[in-house]
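**Q** Chain by chain, the residues run as shown.
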Amino acid sequence: MFDRNLWHYIDWLLVGAILTLCLLGVAMIYSVTGAVHGNPSQLYVKQIYAIVLGIFALVVCLSIDYRTLADKSHFIYIGALALLLYVLVFGTLAGGSRRWIGLHVFNFQPSEFTKLVVALVLAKFFGDNRQQVPTVVELGVAGALTLVPLALIAKEPDLGTAVTLIPIYLAIAYLAGMRMKMLGILALAFVLLAPVAWRYGLKDYQKERIVTFLNPSQDARGAGYQQIQARITVGSGGLAGKGFGKGMQGQLQFLPVATNDFIFSVLAEEQGFIGVLLALGLYLFVIVRALEAARLSNDRLGAYLVLGVLASFTFQVIYNITMSAGLAPVKGLTLPLMSSGGSSVIATLAGFGLVLNVRMRRFTN
Amino acid sequence: MAEDRRKIPLRISTLRYVLYVLFAVLAVAFWVLQIAQHATYEEMAENNHQRTLALRAPRGLIFDRDNRVLVENRNSYDISIVREHTRNLDRTIHLLSDVLGLNEASVREVVERHRREPTYEPIVIVQDATLAQVAAVMARRLDTELPDVVVEQVPTRRYPAESLAAHLFGYVGEVNYQQVASDGLDSGDIVGQTGVEKIYNSLLMGEDGAKHVVVNSMGREMRTLQEVAPVEGRRIKLTIDEGVQKAVEEGFRQLGYAGAAVILRPDNGEVLALTSLPEYDPNKFAAGIDRATWASLTTDREKPLEDRALQGRYSPGSTFKIVVATAALEEGIATPDFKVHCSGGADFYGHYFHCWRHQGHGTIDMEQAIQQSCDVYFYTLGNMLGVDKIHKWANLLGLGVKTGIDLPNEVQGLVPSTEWKKATTGEKWYAGETMSVAIGQGQVSVTPISLAVMMATIANGGTRVTPHLLKAVDDGNGWKAVPEPAPKSVVQLKPETIETLHKALSMVVNQPGGTAYYDWHKPGPNTADLAGFEVAGKTGTTQVISLSGAKAAAGKTDENLKDHGWFVFFAPADNPQIAGVVFAEHSGHPAAAAIPIAKFAVETYLAE
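Each protein sequence line maps, in turn, to chains A and B. Just so you know, we're using numbering that gives the first Met the number 0 here: the first sequence kicks off at 0 and counts up by one. Just so you know, we're using numbering that gives the first Met the number 0 here: the second sequence kicks off at 0 and counts up by one.
Chain A extracted, bound-state conformation (with noise of 0.2 angstroms):
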């Protein structure tokens, strides 16, 4: 299955900026948790160890043929769902939502993996049809396939992985051929649905911060307190940042969960603008090195997986660090690859395990 002369086509480029960025993270995360001045936080052991979960799990999904998955997404998918099904009657509710199955080791938060799943069954979708453009129906069936997790994870509540899934599926059906007056129509329909969704759809939490990121300083006690703190800490870095280990806003908690959605700021803070643009620089070779993999792709499943996959990493990868600058609503949003958090490192670097597996196989049949 897995034949050895594969090795040679993997982009180990790509692999050596996306442990870069993983590594980045750690550094963040043991210097905003205080463990330069010896606080006793081992939350970047923890990461070490997802990351060493993650890069198996990369092996995993690299060294099994994308196009074998695809022949079980059906399977995988129902799986999936049977698990987001699960974690709502049975998740360990934390903070208020259910979002994660508690494991003896870690929390597994099986929203991080639908991600794949579902990029892998659109793709699949899209690939098996052979038409130019995808018609109405087909787009239907591919929404539908996409709301369903969509709604599941909606539930938990989780608005912002939830949300995730939408440019997978959108991702997907531009590159299969999507008329762009479609494109149009969609975007329509979510700015007439906008309102319903807001007047039934989401919680006040989550309305009070859309109204205050709107207004950020009308409250600035309250939920734009996040907003403004975060300009701060990004702000205060300035050319070349206050050095490693001492930056303030993240280690005094002015930036709340610094180590997870407020990574990005802390670099920003820390490393500064110089800082800022080797990590955007990192992000964005890692990016346009796997859209490569989808280019060169020799068949259109691999191109839309690859695509399916690339499209929630830059989805999260662009609010989280426009987030981390106090300019787009803050939501529970993690920064792959650099966030602490296990499931995310886990599934992002499996998602990459798939990128890597399509440009790996494109000379295979």
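Calculated from the structure, these hints are not laboratory results. We put the beta carbon where it would ideally sit given N, CA and C, even for glycine. Keep in mind that the hints are not guaranteed to be accurate.
As the list claims (entries may be wrong) - Residues from chain A that face chain B, not an exhaustive set, calculated with beta carbons under 8 angstroms: (1) R230; (2) G237; (3) Q248; (4) F272.
Assemble the complex: chain A is given as a structure, and chain B must be docked to it using the hints.
**A** For chain B alone, coordinates are given in the frame of chain A:
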């Protein structure tokens, strides 16, 4: 398939360009925040995690002339809200009132009052909190439930002997708006509001220090960046003799009278004791006085907040005869052997004036007249002098003018003159009016402190010393004596005048027939040996009923209608070291209180 192959790379490159644009936008956004607006955000970050806490400077200690501590400091705790890091003020107020056991509405009112101040200024909710309150708040703070509540240790004034010399020391309190505007003080400063605390506030007040600390988002101090230690206020030494001061007050308290007493050194005006009763406890003001206590002090009919020694104006009664005698001798109107016959009263200007002794004093000279306080003798002298000469000499001896003591709000007494009457009523002075002035009644009014100065002036032969309280200041390198204030006026009294007065005043106390003889020589509680220490003095009585009239008497008890008693003195008679006055309200005859209190004070002075 061919179509397919062309379309996918095209759409992928489109996506790539979109990505380039998005990342470029992100880079620009970070450039704006981190480079263009860096300074703004850097300052905001500093303010975020740095906080400046005031370190309150203790006020300077106050000592008596023998280095006994009169006023010191203790540590108390203030509980305040710092709104800078408040996320929900309502919740904080609610929780804090609950924890402290306070009325939520009143806490809200306090916060409301300070609403316009900068948010980093602590709003003090509880001054001088109990340890239970401090503990309750600290526990909540550890749970990060009250991150915006601070417990501040504050040095607070302590008056160890409680109400001792309350009017003299005064009390401290938070600055009011006028003081903030006029004296360059900061809101929240504790300053002297009365007494020595007020007059010497600039010496006593230290300089607050500051501590710049790093706090986390919960407001908890993480570490100190910089600390500027507070500078303690100057230590000052008063001229007060704690022993004498205590003796005087003890005397009043034992006998149960309100009143005032001042004892000073006639050679330089140093005040050894100065008191007014009833007193109050300045400790109650030290950490902010509560409304109920304040209300009870201000509405008390005994007026405990009034400093009778400086602000009470009373008729001097027979003590004023010293002035009339001095004027007569100095103006050459009469010699010491000038004799008058007293038959219990005399006619002047068609009106019969009584002597207090209805059977009369017979024919007496000036010394006897002073010794026995004969009214007829002084009606006669007064009539010969006229009111203006009495006025002149009263002023020279210290009456009807301010003494200039270093205490706030001294009141000026009144000795009438023709000019004064013209100016105030537009009428001319009638010679008959001089009669009551001559025996210290009528419109004559004096403060106890001014009578003490008069006695000092008589004792030292004509130098109207300025009574003062500040003896030395510790500038950090030990005590530096403070120069004595210059006398207010100096007249060289004729030796004959001095001799006559000293002898006559000594006879008052030490010869049978003197108005103070019997009571002074009555065995008292003190056994100090007064031998060789001859006291000279003069009694006086202020008629309360005739002054205030029946109208004012309505609703008052008999006790309130009793006369006030005076005793003025200096000692020893031949070489005076101390001079003073004791004034006892509603004590009737001076024998009831004024004389024994003065005696107790003199004995205490001697014993030291």
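**Q** All hints, please: hold or fail.
**A** Hint check results:
no.: 1; hint: R230; verdict: holds (6 angstroms)
no.: 2; hint: G237; verdict: holds (5 angstroms)
no.: 3; hint: Q248; verdict: holds (6 angstroms)
no.: 4; hint: F272; verdict: holds (4 angstroms)
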